[in-house]
Each structure stands twice: as C-alpha cells, then as structure tokens.
Amino acid sequence: MSRTTRPRKGAAHGDSRPAQAARPSPPTAETVTPDGPRYLYGIVRDTAPLDVGRIGLGIVPAQVYAVSEAGLAALVSVAPGRVVDPTRAHLLGHQRVTETLLREHTVIPVAFGTVMASEAQVRALLRTAQGELSGVLDALEGKVELGLKVLWHREHLAQRLVLEDAQLLRRDDEPEAEHERRLEAAVEDRAGRDMRALLEGLRPRAAAMREHPPVGERMLLNAAFLVERPRLEPFEEKVRSLAARSDTYTFRFTGPWAPYSFVDVHLGLRDEDASLP
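Residue numbers (UniProt numbering): 1 to 277.
Derived from the structure by calculation, the hints contain no laboratory data.
Hints may be right or wrong, so weigh each one.
Stated by the list, open to error - Okay, the calculated beta carbon distance ranges per label pair: (1) Arg160 to Arg203: 55 to 63 Å; (2) Ala207 to Gly131: 20 to 28 Å; (3) Pro214 to Arg160: 18 to 26 Å.
Bear in mind that the values here come from a model prediction, so they are computed numbers and not experimental data.
Backbone N, C-alpha and C fix where the C-beta goes; we use that ideal spot for every residue, glycine too.
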C-alpha cells in the first residue's frame, strides 16, 4: 500500500483575520517586466508575506510570487503563453507549488493550465470572488485530501468464493455458460459488499468523501477523502487495518494532496473564463 510524505507536524494552516488592503507584489525581476499572462497555481489567505521562490513551471523553474487582494493571495508566475502544454516539466512545477503551499497553508488548488490574461485580472478575480473563495477556505481549513484506490483480480476472488461456498461449483447438469453467469453474479455481489463495508468503515473518519469513476478493468474503487490534519495518522491506521484483513484486494493509498476533489468554484470572468476544479 503506497503512501506519500505527509506535511510536517506543527505546520500552520492560515487564519481568519479580516481582509487587508491590497499591497503590491514582492519586487522580483519578473514582476517588473511588461504585464502579460500569469499562470495561476492556487489561492490562500493573505496572512503573511509568501516567499515561494523559483519552483514553478518549466525545465528552469519559474519564479512564483503572491498577488494579494481583498484578504486573499493568489500564487502565480509569468506564463509561458496563453496555453500551457502538459509537459512533464510543467506538470511537476505545478505540483511542486501546490505541495509547498500545502505544508503551511489551507489551499484552494487550481486546475493545471489555468492562465489569466494579466496580473490585473488576477486581482480582479480575487475581488470579484472574494466571498465565495473565503467561504471555500473556511470549509477547507486545516484539511487535506487523501486518495484510496482498490484493485482486484476477478479470477482470484472467484476462486476464493468457490473455496468458501461449494454451491458455487458447477453442477453436473449445469451448462458451462450458466455456471459462468452464476459465478460472475456472486463475484460482483461480493466485491460490491466489500467496497461498501470499506467505505462505511472510513466515512466517519473523514470530513467528506467523493467517489470518482474507476480507471481500468482492475480498479474497483477510486475514492477521495477530506481529512483534518490531526486525524491523518488515525485514518491511515484504519486503512492499513482494513487492508490487512484481505489478500484479495490491492490498496493504493496516497496523499496528502491539495483538496482538488472538494473544490467546485466557477470564477465567471468574462472573456477570460477560468474555473477551479
């Protein structure tokens, strides 16, 4: 069961101080160049100066800085263009920024490839959507996303069920096709019951849960959980205990991640529409 590194203990997660007056972005070589497209990584509360550094998009990582407005801070870098290709270097840069922010802040993550026309439009976004974005930050405060995927070998489970229940063996007078249909129904029923029991065991330990469509023939479950930081270890221990009870399924447990599965904010800017996932 795989697991990524969790945030360091004792990390701060932002606060709810009143909105502050807009202040200029930190003076960097890139922010004093003529204004142009800005790549948007995520949004946090504007509680303190953010020193992110050169960890953004590109083979040579771009300088990432905060644009502050209306008590919020958007983390941006100069965009390489209006469209950002999903190259490995760009994807890794986007991930580096969100993971860095997540260590000490509650983050509204933004979908990869979100480009704003200018820094001025970033500020307009923060002003226009300030109420909704602040509400989302309140809901996400001190929480992160954990992912759980469960895979199976259908034939392995079928063999297990036949060993457990002799009635699932093929009868002498039973056509092969009929036996296959009967066994398949038993396999599907058992897998469904096992996944429901798994989710019921984890649901009380999470603030929210989302199920995504399984990917590929072997995946039974593709779920995301919104978990409070102090409950990360108990949640992981519960997953491990459930996984240890069965050798029929393979568990892939990942995170913590920025809570992409639990953000649904449409920014609604004319001409340059953008949305959060």
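- Of the numbered hints stated previously, which ones are contradicted by the structure, given in increasing order? 1
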